[in-house]
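A.B. asks: Protein chains in written order, with my numbering: chain A, 766 to 1277; chain B, 766 to 1277.
By construction, these hints were calculated from the structure, which means they are not laboratory data. Owing to the predicted nature of the structure, the values given are computational and were not obtained by experimental measurement. Warning: the hint list may mix true and false statements.
Subject to a maximum C-alpha distance of 30 Å in a straight line, what follows is the list of computed DSS-like cross-link-like pairs (lysine-lysine) [said to hold, decoys possible]: (1) A:LYS1201 with A:LYS1191; (2) B:LYS1153 with B:LYS1201; (3) A:LYS808 with B:LYS1097; (4) A:LYS1158 with A:LYS1097; (5) B:LYS1191 with B:LYS1201; (6) B:LYS1191 with A:LYS808.
If you want the footprint, here are the derived chain B segments under chain A, 3+ residues with CB under 8 Å [stated by the list, open to error]: (7) 912 to 922; (8) 1197 to 1207; (9) 1254 to 1261.
For each residue, glycine too, the CB sits at the ideal point set by N, CA and C.
Number of protein chains: 2
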Amino acid sequence: MNTHHLPQATASEQAHRLQMRRMGIDTYQEMVVYMRSDCHICKSEGFEAQSRVEVWRGDRHIVATLNVVHAAMIATHDIGLSEAAWRALGGVDGELVGVRHPAPVLSFSAVRAKIYGRPLTSDGINAIVRDIADGHYSDIEMASLITACSGSRMDMAETIALTTAMINVGQRLHWDSEVMVDKHCVGGLPGNRTTLLVVPIVAACGLKIPKTSSRAITSPAGTADTMETLAPVALDLAQMRRVVDLENGCIAWGGAVNLSPADDMLIRVERPLGLDSDGLLVASVLSKKIAAGSTHVVIDLPVGRTAKVRSFEAANALAGKLVGAGDALGIKVRTIITDGEQPVGRGIGPALEAHDVLAVLQNAPGAPDDLRQRALLLAGHVLELGGKAEVGKGLAMARSVLDSGAAWAKFQAICEAQGGMRVPPKAAYTHVMCSKHRGRVIAIDNRRLASVAKLAGAPKAAAAGLMFHAPIGSIIEIGQPYLTIHAESPGELAYALIYAEAQENLISLQEL
Amino acid sequence: MNTHHLPQATASEQAHRLQMRRMGIDTYQEMVVYMRSDCHICKSEGFEAQSRVEVWRGDRHIVATLNVVHAAMIATHDIGLSEAAWRALGGVDGELVGVRHPAPVLSFSAVRAKIYGRPLTSDGINAIVRDIADGHYSDIEMASLITACSGSRMDMAETIALTTAMINVGQRLHWDSEVMVDKHCVGGLPGNRTTLLVVPIVAACGLKIPKTSSRAITSPAGTADTMETLAPVALDLAQMRRVVDLENGCIAWGGAVNLSPADDMLIRVERPLGLDSDGLLVASVLSKKIAAGSTHVVIDLPVGRTAKVRSFEAANALAGKLVGAGDALGIKVRTIITDGEQPVGRGIGPALEAHDVLAVLQNAPGAPDDLRQRALLLAGHVLELGGKAEVGKGLAMARSVLDSGAAWAKFQAICEAQGGMRVPPKAAYTHVMCSKHRGRVIAIDNRRLASVAKLAGAPKAAAAGLMFHAPIGSIIEIGQPYLTIHAESPGELAYALIYAEAQENLISLQEL
């Protein structure tokens, strides 16, 4: 038998080095590296197409998927990097990087145990979240975890452990003030862009509200997407602190400040799957709030047949989990269950929702009253929960700063502090859909409206989405426009239109 | 409002054409296409990195993931194809292909419903399986489906519907003979390569056994992987029929004959996840058998603490599902629950297992008796179930053709008919692990042994794996070899060794 004696430093510990090359291939957030099949490391390490490989440069490490290149795109001593991998390693053309087998992802055995019906332990969850934040989970492993935690399969202990683990792997903000308020809306309701109103109202009243928001998960626009059409949102910690010190509030993208980074990794896979999980949702919301240093948070839970939360039973259950987990984690949570039967405002999509917000802030004639009323309700609760208004007086206080223009002035000041106010873009292509029937609008399918807006390009195309002209209760005549699709490309416009026209019950009419 | 009137043939219906280019990038089975960010189709359709795009050439269609190329690798009117995409479309350099948005994967809503606790309907399953076979599911969508169906979450109706759907999307073999026998082993037991013995024994006795086998799912070697070290296994339908007509039996790779192609797509994602599901397993096994035209099948269920099936309760439950689903689908199933406490034979890995098989067929001195006995037991049951031997006489009949050399002659004839017998490869790098303690072997961790073999490169590296020298009950002295790791590269050898040395209970010794 041909026995091979290993050197003292084993082969996999030895640094195998290749020269890094920027391939100019954009694989979005997925890390991909390209190596020649006749490269010495492919041969010695047994790497093949789709192998997971670890690449490091100094103290930066990534785990990437290998694509094997047969053609002469790169030399045998080169390693090509996708744009995401290049950014993560801080690429320098021709510099040497190390390449080796990644450590096995041991924490996935905890995911398997969960799938087979055993609860996730704190240790298991900590290991999973650490591995996710370190980029060790492949997309299919994250998809499996998300699926295993969907459909009410996480209990309170798991949820609290997951929240804690998510906070621990990211940055955490600390503020001098004892009361730091926040608000959050559990999505699923197109156009519900109350944050952009609540923050300036509350900040104008003197409470500190350092709002971090996410980009869209399964919706056509997240708060950060909408705010970005009005001002820069990718603030770092120092910038956020400066804006809040100056104006009491900010509306920043949470991803840029690295609060709960594992949550951001999961969201990237959750988005295309479109799955809901109370446990993941509670952990996602509370980990971001606690990491942001919030002490008091009001959470809006819109309920509707086609909203994210579909029944009052489900909303009450979710509310109980949010409050219970909050108590256990030392954050005061108040949930407000609101009507989620139809879109809020008229626009769906980043820029179109921004136009609605501006109209309310400016007390413009014809500004969407539903958006205004929801924002005032939530702002009132925040003012009460944060101790700025007496019980029952919050709503009136909120209304006075909105009516006086103080909230609008505060919003402009916040936008300036965040880097300068912008004019939201307008779409190059629009199409008006007109009713073929006469009747009273009795129901709206929010999920399919959201799909139309997404097919039109939202949220990536900021000007894309739709304007909705037919609220529940309104009477529509034959030929009357009920929605307008906005898109930045004719292909997307056509795609959204084909889908919209194929839906029978986008809007349900009652004959008159 | 700037209203855009669509032409009669909408933009997404119009064929957008690009010239196909072979990129020489191997992404394994994943379809990837490369387009310039300034390509007119990216702009008009709103395609971005990671968009799912449909590409067609004549009647061939693929749905691929888009990578956007910024550098000047290809021209703006070109579309680059990964090797898998190039093969699937039958690539011809410079020929025009169509590019458009793929239709939304509507069937995934049935997966979501399953995740939320509602059963899969027949219609839902049919739509899912059709979409998977057509390549419309992304890897994360398949991972989600597999997770949702794992851990006993599929009932009998779902399992039968899934099996039927899987049969219907692939080819189905029809044979003249009324009795077509088959055998199958539910994996998890390293080295259990009885198929390569049962087929020649049964065929030598005159029963027809057109065996199709899979490659490894989560194990270090599948039957097809092991057989491939001895003869070609990628037979098409005509070749399989010719071999069976000539020799009564064959051992072919099922994937090459397109039986139950959706199962093959799922297996590609199941493999890295390493999840088990009774429902998916029953559907996978029975869909392949029924599609192959089998009428009577014996299924080996090895039970052991570290085998795939870990308890007799689990084995009985699985056996009930296999027999029950078989009855409903018109195939006679007999399950045999066997000992799965330790590896069968001495080799683990394609070529190492082939050497064990050859020793048994040749009645070589020192041939692994456990492998021989298991094969005879199963062959005896097949001979009885298929009506060739009376009840209680199958084992003796099997033994006589093995002892006489008739089975060995039949095996060589089958290999010749499949394209010519081969000599299995030997590994270039080996490392002997010796015991640091003295004692009696009382337990073996099959899962971790399998991991060692996989880290050494099996099954992709055919010569890789391990030879196991210490069966349960044997006495090991200090310094005595208990396993030898085989690898085709030093990196893989080191990786397997580091893992093996870190395991405390790969083998459990009782002090003497």
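A.B. asks: Hint by hint, say whether it matches the structure.
C.D. replies: Results for each hint:
1. A:LYS1201 with A:LYS1191: Between A:LYS1201 and A:LYS1191 the Cα gap is close to 28 Å, so the pair holds against 30 Å.
2. B:LYS1153 with B:LYS1201: 51 Å, violated
3. A:LYS808 with B:LYS1097: Violated, because 47 Å separates the two Cα atoms, which is more than 30 Å.
4. A:LYS1158 with A:LYS1097: Satisfied, since the Cα-Cα distance of roughly 20 Å is no more than 30 Å.
5. B:LYS1191 with B:LYS1201: Since the Cα atoms of B:LYS1191 and B:LYS1201 sit roughly 28 Å apart, the hinted pair holds (cutoff 30 Å).
6. B:LYS1191 with A:LYS808: Roughly 17 Å between the alpha carbons, so the hint for B:LYS1191 and A:LYS808 holds.
7. 912 to 922: holds (count 5)
8. 1197 to 1207: violated (count 1)
9. 1254 to 1261: The restraint on the region 1254 to 1261 of chain B holds, since 7 of its residues have a Cβ under 8 Å from chain A and three suffice.
In this structure, the hints that do not hold are numbers 2, 3, 8, in rising order.
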